[in-house]
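Produce the entire structure from the sequences given, and follow the hints as far as they go.
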Amino acid sequence: MVSLSTLIPSTPGQFFHWCLENANSDLVPFRANYAHYYDHRGGSEYLWNVYDQRLADIIPIASAEQKVLEIGCGIGSDLHWLALMGCKATGIDVKSEWIDAANELTKVVSKNFGPVGVDIRRINLLDMPAEQFDLIYMKDTFHHLEPRVEVTAKIASMLRPGGRVVIVEPNAWNPLIQLQMFRIRGFNTILTKTDQATGEKFVYGNERLLFGSTMKRLFRQAGVHGSTRTFRVLPTALAGKPAFVRGAEIVEKLKLCHLIPPLAIHCVYSGTKAG
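Heads up: the sequence shown is residues 2 to 276, going by my numbering.
It should be emphasised that the hints constitute simulated quantities derived from the structure, not laboratory data. A hint or two may mislead.
[Said to hold, decoys possible] Once the Cα atoms are required to be at most 25 Å apart in a straight line, the calculated BS3-like pairs of lysine-lysine come out as: (1) K96 <-> K155; (2) K217 <-> K155; (3) K68 <-> K217; (4) K108 <-> K68; (5) K89 <-> K68; (6) K256 <-> K217; (7) K155 <-> K68; (8) K108 <-> K89; (9) K242 <-> K254; (10) K256 <-> K242; (11) K242 <-> K202; (12) K155 <-> K202; (13) K108 <-> K96; (14) K155 <-> K194; (15) K112 <-> K68; (16) K217 <-> K202; (17) K96 <-> K202; (18) K155 <-> K89; (19) K96 <-> K194.
[Claimed, not checked] Pairwise CB distance ranges, derived in the manner of DEER restraints: (20) P263 <-> R149: 20 to 28 Å; (21) I251 <-> I191: 36 to 44 Å; (22) A57 <-> P263: 18 to 26 Å; (23) E151 <-> H259: 29 to 37 Å; (24) S97 <-> T190: 20 to 28 Å; (25) S97 <-> V150: 24 to 32 Å; (26) P148 <-> E46: 38 to 46 Å; (27) T199 <-> Q179: 32 to 40 Å.
On a predicted model such as this, the values are computed, not experimentally measured, just so you know. We treat Cβ as the ideally placed atom computed from N, Cα and C, and that holds for glycine.
And the structure:
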C-alpha cells in the first residue's frame with residue numbers, strides 16, 4: 002500500500018502545479034489569479050524549474066524542525082507545501098479574501114494528503130505579537146510593505162538567533178519591469194487601502210520595488226546580514242515557445258544574469274540573523 006506521504010509533490014513548484022490542476026474553484030481561485038500559468042501548465046519544464054529556483058533557499062531546509070512564517074501568503078500553496086514537509090507553518094495576509102481562500106485550500110489539501118497543520122491569520126505584520134521563527138519568507142510582497150524601516154526591524158525581531166529571512170521580488174534593475182510598475186502606479190508609490198470585509202485600513206506600497214542593495218542595507222541595520230541573487234530571463238508568456246526556452250537556458254547557464262543584472266526578472270534576498 003502506498004502511503005500518502007509518498008504522493009506529496011517533492012517541490013513547491015510541483016505542488017503549485019498540482020494545485021492548478023486539482024484545487025481551483027470559486028472559493029480557491031487559482032485560475033482567476035494565475036491565468037498565465039494555465040496557458041503553459043502542460044508544456045515546458047522551464048516554468049516549473051524557475052518556480053523552484055525562486056524558493057531554492059527554502060527547499061533544502063524544509064523540515065519538521067522549522068517554524069516558518071510566510072508574509073503575504075495569499076492563497077498559500079507554498080505555505081501548505083511547507084506544512085506537508087513537516088514545518089510548523091504560519092501565514093499572514095491583510096486581505097480577507099486571501100485568508101478565506103487559504104483556509105479553503107487547507108480543506109482541499111487535507112482531503113487529498115491527510116491532515117495538514119497551517120496557522121492562517123488575517124493580520125498586519127506590524128501588529129504581530131512577539132514570536133520567534135526559524136524562517137520568515139515572502140514572495141512578491143516586500144514592495145507592498147510600508148514603512149520599510151519598521152517592517153525590516155519587525156521581521157528581524159521575529160527571527161530567532163541564526164534564523165533566516167528569504168525575500169523573492171521582481172528585479173528592480175530590469176527596465177521593462179520598472180516601466181510596467183510605473184504604468185500601474187504612476188507617481189503614487191504609497192497608498193492607504195481598505196479591507197472590504199472588515200473596513201480596516203492599511204498602508205500599502207504601490208509597486209514600489211527595492212534594489213537588492215537596498216534590501217541588504219535595511220536588513221543589515223536591523224542585525225540581519227545577507228546577499229542577493231538575480232536570475233531568469235524568459236517571461237511566463239514565452240515559456241511555451243521552445244526556441245525562446247533554449248535561448249533562455251543558454252543565457253542562464255552562462256550566468257549572464259549575474260553579470261548583467263537588467264536581464265534578470267527575479268531578485269532573491271537571503272539573510273541570517275546574528276546568533
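A quick look at each hint next to the structure:
no.	hint	result
1	K96 <-> K155	holds, 20 Å
2	K217 <-> K155	holds, 15 Å
3	K68 <-> K217	holds, 23 Å
4	K108 <-> K68	holds, 21 Å
5	K89 <-> K68	holds, 5 Å
6	K256 <-> K217	holds, 22 Å
7	K155 <-> K68	holds, 17 Å
8	K108 <-> K89	holds, 17 Å
9	K242 <-> K254	holds, 18 Å
10	K256 <-> K242	holds, 21 Å
11	K242 <-> K202	violated, 43 Å
12	K155 <-> K202	holds, 19 Å
13	K108 <-> K96	holds, 19 Å
14	K155 <-> K194	holds, 21 Å
15	K112 <-> K68	holds, 24 Å
16	K217 <-> K202	violated, 29 Å
17	K96 <-> K202	holds, 10 Å
18	K155 <-> K89	holds, 20 Å
19	K96 <-> K194	holds, 10 Å
20	P263 <-> R149: 20 to 28 Å	holds, 23 Å
21	I251 <-> I191: 36 to 44 Å	holds, 40 Å
22	A57 <-> P263: 18 to 26 Å	holds, 22 Å
23	E151 <-> H259: 29 to 37 Å	holds, 32 Å
24	S97 <-> T190: 20 to 28 Å	holds, 25 Å
25	S97 <-> V150: 24 to 32 Å	holds, 27 Å
26	P148 <-> E46: 38 to 46 Å	holds, 40 Å
27	T199 <-> Q179: 32 to 40 Å	holds, 33 Å
Comparing the model with each numbered hint stated earlier shows that hints 11 and 16 do not hold.
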